[in-house]
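A.B. asks: Put together the whole structure using the sequences plus the hints.
2 protein chains.
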Amino acid sequence: MMPQLAVTTILEHPRAKDTNMVNAGDMNGSGNLMDFLDEPFPDVGTYEDFHTIDWLREKSRDTDRHRKITSKSKESIWEFIKSLLDAWSGWVVMLKIGLLAGTLAGVIDLAVDWMTDLKEGVCLSAFWYSHEQCCWTSNETTFEDRGKCPQWQKWSELLVNQSEGASAYILNYFLYIMWALCFAFLAVSLVRVFAPYACGSGIPEIKTILSGFIIRGYLGKWTLLIKTVTLVLVVSSGLSLGKEGPLVHVACCCGNFFSSLFSKYSKNEGKRREVLSAAAAAGVSVAFGAPIGGVLFSLEEVSYYFPLKTLWRSFFAALVAAFTLRSINPFGNSRLVLFYVEYHTPWYMAELFPFILLGVFGGLWGTLFIRCNIAWCRRRKTTKLGKYPVLEVIVVTAITAIIAYPNPYTRRSTSELISELFNDCGALESSQLCDYINDPNMTRPVDDIPDRPAGPGVYTAMWQLALALIFKIIITIFTFGMKIPSGLFIPSMAVGAMAGRMVGIGVEQVAYHHHDWIIFRNWCRPGADCVTPGLYAMVGAAACLGGVTRMTVSLVVIMFELTGGLEYIVPLMAAAVTSKWVADAFGKEGIYEAHIHLNGYPFLDVKDEFTHRTLATDVMRPRRGEPALSVLTQDSMTVEDVETLIKETDYNGFPVVVSKDSERLIGFAQRRELILAIKNARQRQDGVVSNSIVHFTEDPPELPPNSPHPLKLRRILNLSPFTVTDHTPMETVVDIFRKLGLRQCLVTRSGRLLGIITKKDVLRHMAQMANQDPESIMFN
Amino acid sequence: MMPQLAVTTILEHPRAKDTNMVNAGDMNGSGNLMDFLDEPFPDVGTYEDFHTIDWLREKSRDTDRHRKITSKSKESIWEFIKSLLDAWSGWVVMLKIGLLAGTLAGVIDLAVDWMTDLKEGVCLSAFWYSHEQCCWTSNETTFEDRGKCPQWQKWSELLVNQSEGASAYILNYFLYIMWALCFAFLAVSLVRVFAPYACGSGIPEIKTILSGFIIRGYLGKWTLLIKTVTLVLVVSSGLSLGKEGPLVHVACCCGNFFSSLFSKYSKNEGKRREVLSAAAAAGVSVAFGAPIGGVLFSLEEVSYYFPLKTLWRSFFAALVAAFTLRSINPFGNSRLVLFYVEYHTPWYMAELFPFILLGVFGGLWGTLFIRCNIAWCRRRKTTKLGKYPVLEVIVVTAITAIIAYPNPYTRRSTSELISELFNDCGALESSQLCDYINDPNMTRPVDDIPDRPAGPGVYTAMWQLALALIFKIIITIFTFGMKIPSGLFIPSMAVGAMAGRMVGIGVEQVAYHHHDWIIFRNWCRPGADCVTPGLYAMVGAAACLGGVTRMTVSLVVIMFELTGGLEYIVPLMAAAVTSKWVADAFGKEGIYEAHIHLNGYPFLDVKDEFTHRTLATDVMRPRRGEPALSVLTQDSMTVEDVETLIKETDYNGFPVVVSKDSERLIGFAQRRELILAIKNARQRQDGVVSNSIVHFTEDPPELPPNSPHPLKLRRILNLSPFTVTDHTPMETVVDIFRKLGLRQCLVTRSGRLLGIITKKDVLRHMAQMANQDPESIMFN
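Heads up: the protein sequence lines correspond to chains B and X, in order. Numbering-wise (UniProt numbering), the first sequence opens with residue 1 and increments by one. Numbering-wise (UniProt numbering), the second sequence opens with residue 1 and increments by one.
Hints were generated in silico from the structure; no laboratory data involved. Don't take each hint at face value.
Pairs count within a copy or across copies, as identical chains cannot be separated in the list.
With a straight-line cut-off of 20 Å between C-alpha atoms, the simulated SDA-like cross-links for lysine to any residue are [said to hold, decoys possible]:
| id | residue 1 | residue 2 |
| --- | --- | --- |
| 1 | K271 | R65 |
| 2 | K739 | Y305 |
| 3 | K647 | I356 |
| 4 | K68 | L186 |
| 5 | K607 | Y304 |
| 6 | K588 | P307 |
| 7 | K660 | I693 |
| 8 | K59 | D735 |
| 9 | K647 | L175 |
| 10 | K588 | S83 |
| 11 | K647 | E48 |
| 12 | K309 | D584 |
C.D. replies: Written as structure tokens, this is what we have:
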């Protein structure tokens, strides 16, 4: 009995009631009728735009909410059911996110397919069919006859009734460019007019938002709609960009939309971010058809606060999204994954050398891309260039279309290209890349073809691939960051896949022609199928993607889900690790972090290590020589004093001390809540005038007679502000900010308040220690 | 230039030197020759056995170390190479752990195979061959002739030259029991004599250790050796236990061994735990052949502090371990996974109902098992039973062997049983479970056999399975927790697989005989292969494992890696979620948490939510009416006073205040370091006597002339103790303890020290609020 007794004692403890006040917000106060502010007033507990949230406070508010529901649920069956529904709402939100994200991804895939083909021709039997769908319905169903199906007509056939010849070529070329320009113009106009936040990949901003920053409208309904539509347009226009990154943004918009339907999530910025983390996982899940990879991507790359509950829910959302997409079946092959491959031959130890070379290439490409792209984006921000976003998009689209059309490897959509590069050459493959000279005596089964000498098609393909590679490298640098939705995964993978395939074919031919060399003798006898160029393409793609984004585990897992076997994990890992190391040697930042820094978002990366020897006292404000910290006293300031202080400073909150002399800390009051509380009291509470005393104590101070009614503001006082001593090493302070998601932290020495450290101060200090410009951190 | 200038200013800041003192330990002090304690003395910064580590301090010490190496690396090339080696040592440790864990797992697999078969017979051509290996070398290589290979002789054949008949059966039965008893006796004796920590699955203790607790010897070399040997013995003895959990312990022992070779890890308990987390991943990776599942298991189930760096390294260790195991190839089939399955038919929506039923069964089994097992283990701890561990093991082994032998499903090893239950019945399958009545006109390919009516073998198998299921359920409750290595994964999976297979066969037969029922009409036409009983077994296994351990994502991912396809993830997830919900309805604790509580380890679970309304002031000590907090003053106590305080109390540390009157907090001193410092000073520092003044200030206090030399202890003072205000809600305090891994936290009100909260206080309070006995938390 003893423990239960003790519980009762604690619950009846008089101070326990104070919790209400600590967690200001939506609860009813102690019942003093005169004390108006004990009732909730609007907007308390919300944040302003471009401000940082306080994770501890959000968590505390959620616990309060949960406690209220739990205690209510014992009152009646209806309340009990309501509490059950509340507990289930998380899963319901996940289900809805999965369904919507999967559906949107399917619709985007179908629309992109159709519009990409529209640039070249149209289906006569039904104009809304893509080339492939058009030919399914016709009688010629084999892959080789695809080009010959009569329902599908190129523009030249339709308009001037010519399918071959120079004039038909020029007409098709011209219309291709026109369609591309048309799509791109429409996209950039829509983005500019309706939803400026719909541009870019969105991942840097989502990372920032998930770390606890408010950007209103970034995940809004308009952004969702416009991003979906314009994504289809820009991908179809043939620009060098992918839909994978923006799909994460789209999924997060879905997450935000559904979380706004449930007060549990809409009223709590911390809980909302749990939903958004899961939505990001669903986004990657549908982008690649890799649910586990999606969850790990969200965990490794995007999320900030990822409790185990979120892990499980993310997984659920990712699975639902993946299955929804599979039911829509946009690729028409019942495959979940974007690039399905099946290789039949193992890899050999000696091949690790070219794989590692590809890793080095990926790392170098990552570095080059990040440096050039950031330089170009900085130029766009600071020069006149930024004033003509539409023109920029039009020019880049025109250049892309003009250069891309003549080369078959750049004319087709990038994902088709990657798909072809990943493919192993089977016996029935008709592609140029598989134009090998066959042994006429061959009688083996189709899936185990020995290495063969390359035919003329392969050599042509090599040249075209080399040109396409150079073009892609250059154009992608200029494309990423324009005012249109643009993802980076697919172009990066394409660069890697092209390089990888060329290396693969090279190794294959060397091995075929020189199978007596020592390194080949053991594993590559004549007539054996020992080199799979498609695998090299895949390894190259992983390396380049790793170099740009610095993903590691999630990248390997995504690739593992694509190949569906552990067999090729070692090559992929070797390349991914090499690429990360090479790229890290030139700079620790991935492309997303680089863009976060470029935009000056207050993002405290969990991956950065802070190793300097500074102390809290070096970072806190006020610095030496600066005027003293602006503080409130617990019971000696008037309403007017407080209002003046608020007007004269722009701090987000003020420490409350016993008196200006003793400077012993009592609590912390938020600026926003002070303003709201005073405004409210002046409007609705009698007797509160400019020279009313503001007190934060439990009981009003003793006042001379005839003095005006005092204003009690204890309710908005945070009685448990976070403090550290001035001797605390900054590495500990950084750790505390990261792990507890603080907004500010007070610095004391033997109980006396010395100063304050905000998240912005921490970020500026970190930038300073890394020899960067601390003024680049713009928000708080 | 401006930012760089500022950096220099900060680094030259006089206070920056104080960091040395904040992070007491291995650095040289400020150079005052008289101040002996500024030199390092032994054992500072280590912990006593059964104590909790301070994560913040460990992290801080590691940063110091890192900083020292970085600054040294600029001095010479040799130092630079040393710093590179240091940076690489993490990967080297992972590689070694992977190699050793994989090798040990392979050796254990081979030895278990051989010794399990030894209970039934011996190979004449080479006694060290298992039954299967023996028959490989003989000419009869097909599976059906396995029983007939002449080199393999049952004991009765060898001893009395009889292979059939009652006397031969009895002889074999008797020898089976004798071998089992012999193995079990040897195992329990080895554990008792050499390594008492080698018993159990080890996962509860590893969870506790990873959360920051010291149990010396738990991961030692002797434990590693004895656990490996006895694991082989107990698994071979046929007891109802598995090797998967203990393999995690074995892998962690490997991790501990290799981390003790590198000072980076051996001298820092925090860094060591990063290695152990990765080792746990490697353990699961080799246990199931599921590297990704292993990493997620470590993340979800075992680890406490899991930074992203650890994620990537764990993945590396898990992969290396898996590939090492595959190179050893103990199963002789080049498969990485423990239970490889390949199903050929999809599942149908209607099947979700039996799958969810299996989930309910799994949840109920989990609850039943945890309750009964904990009750039995508590009985063992509190009654005479615990005094006869050897006898207990002998009795349980005898009962197991006597009951298991007559039933073919319990006689064989449990993993073989699970393997058979998971298998789909192909055309060549000779097992009793596949004794269906074949349609003589069947001409289909072998992997697409339609549903058929069950033959007599299947009905016999059903009875035997039912008996085996009941037996397994009961005996496992008594087996887990005995003083031998014992894992729980395999018995749990076996229970689920048996139940699942029976349900599967039931559904299959109902569907076959009643394919005109509405629910079957759409998907189960006559002649179609619509129900896969093996899939039901797999779903049941996942449900039961989930019910006992409450794993979710990692469980599904492990199962996904076993089947290698996303196809069956939905059934598995449905069952796993149902099972978790059902089990959670009866109690939130999984078996590992239950054992942690039973043993009273100070484990602060990240999954528990603290939702009570108590404040820090309710939890801190001293409580009301208790004597005041024992504190040190900064410059007014003598050496003798301090020694008396240390002698009279058993606290692990003492707050240091300005004076007893003002109670303003200066810092915190650890008991262990106080004792060491005073002992050291008395031995080695002249003039320090009992009435020397101890001072923690920078400068010695002004003393009357002729007073003895004062003792400066600022070096061991933690100048940045963690403080919260008395109004801080306990949910925040719990969060801080969890996320920052604190050992204690001081409670203040407006700068005055009020009390202290230790991790033990937090755990006791949580136990109290959950109506449990707070005295069950034993360590701090």
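A.B. asks: Next, verify each hint and record whether it holds.
C.D. replies: Results of checking the hints against the structure:
no.: 1; hint: K271 x R65; in the structure: within (12 Å within a copy, 38 Å between copies)
no.: 2; hint: K739 x Y305; in the structure: both (8 Å within a copy, 11 Å between copies)
no.: 3; hint: K647 x I356; in the structure: neither (61 Å within a copy, 62 Å between copies)
no.: 4; hint: K68 x L186; in the structure: neither (51 Å within a copy, 57 Å between copies)
no.: 5; hint: K607 x Y304; in the structure: both (10 Å within a copy, 18 Å between copies)
no.: 6; hint: K588 x P307; in the structure: between (26 Å within a copy, 17 Å between copies)
no.: 7; hint: K660 x I693; in the structure: within (16 Å within a copy, 35 Å between copies)
no.: 8; hint: K59 x D735; in the structure: both (18 Å within a copy, 10 Å between copies)
no.: 9; hint: K647 x L175; in the structure: neither (61 Å within a copy, 92 Å between copies)
no.: 10; hint: K588 x S83; in the structure: between (46 Å within a copy, 18 Å between copies)
no.: 11; hint: K647 x E48; in the structure: within (17 Å within a copy, 55 Å between copies)
no.: 12; hint: K309 x D584; in the structure: between (32 Å within a copy, 14 Å between copies)
Checked against the numbered hints given earlier, this structure breaks hints 3, 4, 9; the rest are met.
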